Amino acid sequence: MANLLPAARAAQLQRMLIRIDRLIQRGTNTSSRFTMCRLAIFLAGLGCSIALYKSGWYITGNSALAGFAGLFIAVAAYHNRLEHRIHRLRLWKGIKAVHVARITLSWPDIPPRPSEAPAAHVYAKDLDLAGPHSLLHLLDTTVSDHGRARLAAWLLDQPPAHEVWSRRRRLVQELATRPLFRDRLTLHARLAGEEEINGRRLAAVVQHPVGFPRLNVTLVIQIILALSTALLGFGALLGALPGYWMFSFGAYAVIYFMTDQGEHLLEHAVGLHHEMERLGTVLRHLERHANNTTPALADTCAPLMHSTARPSLHLARAARTLHAISVKANPLLHLGLNALGPWDLWFTRRLIHVQQSIKDHLPLWLDCLAGIEAASALANFAYLHPHYAWPEPLELSTRHNGANVAIRASRLGHPLLPADARVANDVRLDKLGSIHLITGSNMSGKSTFLRTIGINLCLAQAGGPVCATSFTWSWSRLTCCIRVDDSLDAGLSFFYAEVKRLKTILDATQDRTAPPVLFLIDEIFKGTNNRERLIGSRTFIMELARGNGLGLVTTHDLELTDLDKTVPQLTNAHFQETVAAGALQFDYTLRPGPCPTTNALRIMELEGLPVPRPDDNRPL
Numbered sequence: 001m002a003n004l005l006p007a008a009r010a011a012q013l014q015r016m017l018i019r020i021d022r023l024i025q026r027g028t029n030t031s032s033r034f035t036m037c038r039l040a041i042f043l044a045g046l047g048c049s050i051a052l053y054k055s056g057w058y059i060t061g062n063s064a065l066a067g068f069a070g071l072f073i074a075v076a077a078y079h080n081r082l083e084h085r086i087h088r089l090r091l092w093k094g095i096k097a098v099h100v101a102r103i104t105l106s107w108p109d110i111p112p113r114p115s116e117a118p119a120a121h122v123y124a125k126d127l128d129l130a131g132p133h134s135l136l137h138l139l140d141t142t143v144s145d146h147g148r149a150r151l152a153a154w155l156l157d158q159p160p161a162h163e164v165w166s167r168r169r170r171l172v173q174e175l176a177t178r179p180l181f182r183d184r185l186t187l188h189a190r191l192a193g194e195e196e197i198n199g200r201r202l203a204a205v206v207q208h209p210v211g212f213p214r215l216n217v218t219l220v221i222q223i224i225l226a227l228s229t230a231l232l233g234f235g236a237l238l239g240a241l242p243g244y245w246m247f248s249f250g251a252y253a254v255i256y257f258m259t260d261q262g263e264h265l266l267e268h269a270v271g272l273h274h275e276m277e278r279l280g281t282v283l284r285h286l287e288r289h290a291n292n293t294t295p296a297l298a299d300t301c302a303p304l305m306h307s308t309a310r311p312s313l314h315l316a317r318a319a320r321t322l323h324a325i326s327v328k329a330n331p332l333l334h335l336g337l338n339a340l341g342p343w344d345l346w347f348t349r350r351l352i353h354v355q356q357s358i359k360d361h362l363p364l365w366l367d368c369l370a371g372i373e374a375a376s377a378l379a380n381f382a383y384l385h386p387h388y389a390w391p392e393p394l395e396l397s398t399r400h401n402g403a404n405v406a407i408r409a410s411r412l413g414h415p416l417l418p419a420d421a422r423v424a425n426d427v428r429l430d431k432l433g434s435i436h437l438i439t440g441s442n443m444s445g446k447s448t449f450l451r452t453i454g455i456n457l458c459l460a461q462a463g464g465p466v467c468a469t470s471f472t473w474s475w476s477r478l479t480c481c482i483r484v485d486d487s488l489d490a491g492l493s494f495f496y497a498e499v500k501r502l503k504t505i506l507d508a509t510q511d512r513t514a515p516p517v518l519f520l521i522d523e524i525f526k527g528t529n530n531r532e533r534l535i536g537s538r539t540f541i542m543e544l545a546r547g548n549g550l551g552l553v554t555t556h557d558l559e560l561t562d563l564d565k566t567v568p569q570l571t572n573a574h575f576q577e578t579v580a581a582g583a584l585q586f587d588y589t590l591r592p593g594p595c596p597t598t599n600a601l602r603i604m605e606l607e608g609l610p611v612p613r614p615d616d617n618r619p620l
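Position one of the sequence shown corresponds to residue 1 (my numbering), numbered consecutively onward.
Honestly, the hints are just simulated from the structure, not real lab data. Incorrect hints may appear among the rest.
[To be verified] Each pair of labels, with its calculated beta carbon distance range: (1) 36 - 70: 29 to 37 Å; (2) 231 - 203: 38 to 46 Å; (3) 430 - 565: 17 to 25 Å; (4) 213 - 88: 20 to 28 Å; (5) 309 - 201: 44 to 52 Å; (6) 609 - 587: 22 to 30 Å; (7) 587 - 105: 52 to 60 Å; (8) 193 - 578: 50 to 58 Å; (9) 111 - 332: 23 to 31 Å; (10) 105 - 73: 43 to 51 Å; (11) 330 - 88: 28 to 36 Å; (12) 179 - 85: 42 to 50 Å; (13) 193 - 514: 40 to 48 Å.
[Claimed, not checked] Here are the simulated lysine-lysine pairs, DSS-like style, with alpha carbons at most 30 Å apart: (14) 503 - 565; (15) 125 - 431; (16) 565 - 431; (17) 431 - 500.
In this text the structure is predicted, and so the values were computed from the model without any measurement. We put the CB at the ideal spot given by N, CA and C, even for glycine.
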């Protein structure tokens, strides 16, 4: 029954897409009629005016021309507004279509965003948190580089402080109930431009000092010279004065070329007005909801309301200034404007004032927007999957005793697997030192089960919902040894890379001043021979059981399952397969106890490789 819920949300969005398509089609038809109407008004006005002028009715012809021109302008203005509405509808449709793609995991229809985890991160690569078809790819609805970095940090820097997590969780839950607010945030950003807001570049320009000695004095002199040139030139044009304007203009030109800041400002500010406009548009949307809104969102938006003027007004002024500076990208226009007056000097002074007014506020505004964007991404995930559970952390008072450290989940599934292919399992680790030793055949689901636990813990500690019916946990430092690669650059073999990763995990469990470690280890010591793997695995697992951690270890070595006799906290579990119609079938269901079957030889046989028969007595 749970799997019907995401389908219901997808069906709801599909019905909305159908309605939007109808509105777009209706608007497109109306726009076509307006195009024909504009053409008819133009031709009728032109014909009537010519006929009246030829008839000698000049006053009537002028009146007709003015009337038709006014009518044409009014129709054109309405037509432009209609086209803008159609454009908004198309963007709105795109937003909703991507929501459907996120539900159905249609990866080609989910816009890719740049995301890359640090190379030495202890779990990002193992759990597919970054990159194509990753959790960040699925979640990311941010509109700025600061928002994208904040969302990644929530998933990659764990665990957070409890107070920080509580505020984050409240904001995510509030935004989960406000799909219009979230989607309109994206819509406003898209209307202002398709590219994401580059907050780093904005901050760099605002913080970059504009060095210009004696700017005000130079500006006053240039204004006086420009006005003198204009007056003297007008007098010369009327024949009242000789060509004195050339002297004032010459002095103006000399000072201009001696003080030109063209390359300096071109490098740092040209073209940046688009970024300012996009940021101002998005912050204006937040300002409208900063007061009359839910408590957590109001608290997050508070920095937007503390300055003397609203951020959108400051940013609009900054955008106009940067737009004026951007004429430097057009050399002829730039030279012409500066020939008429001290354009560069005037807007350099304006830029300095803009920097002084917002340089202390811009980092706060970007930080506020980043927090809302990251929370909105998790809230959108919760909205699209209403059957996912909100995880519950163990109370602070119960975590002083190691016996109460736990991770318990019911019907836990992997959020990156389609709902119709996902198999849910329960997990229960009840105290420090608890270890589940998972055995099972190849392809039976051991690695996926480890990733399922890890990725849901990341979601829980980021403040989002989890793919489960219930999830309770204590704050944990997550470490993994699932996907280990050798490194030719570093000169590391696969086995040595694995050993270094396992040493990192073991060292983390020795630190008892930090939260406990949740370790997820797949195919322990698979890079070495059977004898040494068994010896090393036994010792390593026994040491893990004594440390500040709990977790799961998978293995093909059934000999390790007798560790439950010497390690009381260890529990055996397994995945298994069945053979039907000459093929292996997996149900991916976790069962208690050691695995009773193996399938390596069976897989070899099914693929046509030679395997020994029971009655084959030939020497090996």
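Going through the hints against the structure:
As the Cβ distance of residue 36 to residue 70 is approximately 19 Å, the hint placing it in 29 to 37 Å is violated. Between residue 231 and residue 203 the beta carbon distance is about 44 Å. The supplied range of 38 to 46 Å therefore holds. Range check, residue 430 to residue 565: Cβ separation about 19 Å, and the 17 to 25 Å hint holds. Between residue 213 and residue 88 the CB atoms are about 48 Å apart, so this pair departs from the stated range of 20 to 28 Å.
The beta-carbon spacing between residue 309 and residue 201, approximately 23 Å, falls outside the hinted interval of 44 to 52 Å. Checked against the given bound of 22 to 30 Å, the beta carbons of residue 609 and residue 587, roughly 25 Å apart, stay inside it. For residue 587 and residue 105, the hinted distance range of 52 to 60 Å is not satisfied, since their beta carbons lie about 21 Å from each other. About 55 Å separates the C-beta atoms of residue 193 and residue 578, a value consistent with the hinted range of 50 to 58 Å.
Distance hint for residue 111 and residue 332: a CB-CB separation of about 38 Å, inconsistent with the stated range 23 to 31 Å. At about 50 Å, the CB distance of residue 105 to residue 73 agrees with the hint of 43 to 51 Å. Taken as a hint, the range 28 to 36 Å holds for the pair residue 330 and residue 88, whose Cβ atoms sit roughly 31 Å apart. For the hinted restraint 42 to 50 Å between residue 179 and residue 85, the CB-CB distance of approximately 20 Å leaves it violated.
A hinted range of 40 to 48 Å for the beta carbons of residue 193 and residue 514 is consistent with their spacing of about 43 Å. For the given pair, residue 503 sits about 25 Å from residue 565 by alpha-carbon distance, which is consistent with the 30 Å threshold. Between residue 125 and residue 431 the alpha-carbon distance is near 27 Å, which keeps this suggested pair within the 30 Å criterion. Annotation: proposed proximity of residue 565 to residue 431 holds, straight-line Cα distance about 18 Å (limit 30 Å).
At roughly 26 Å between alpha-carbon atoms, residue 431 and residue 500 fall within 30 Å of each other, so this suggested pair holds.
Hints 1, 4, 5, 7, 9, 12, counting from the list given before, are not met by this structure.
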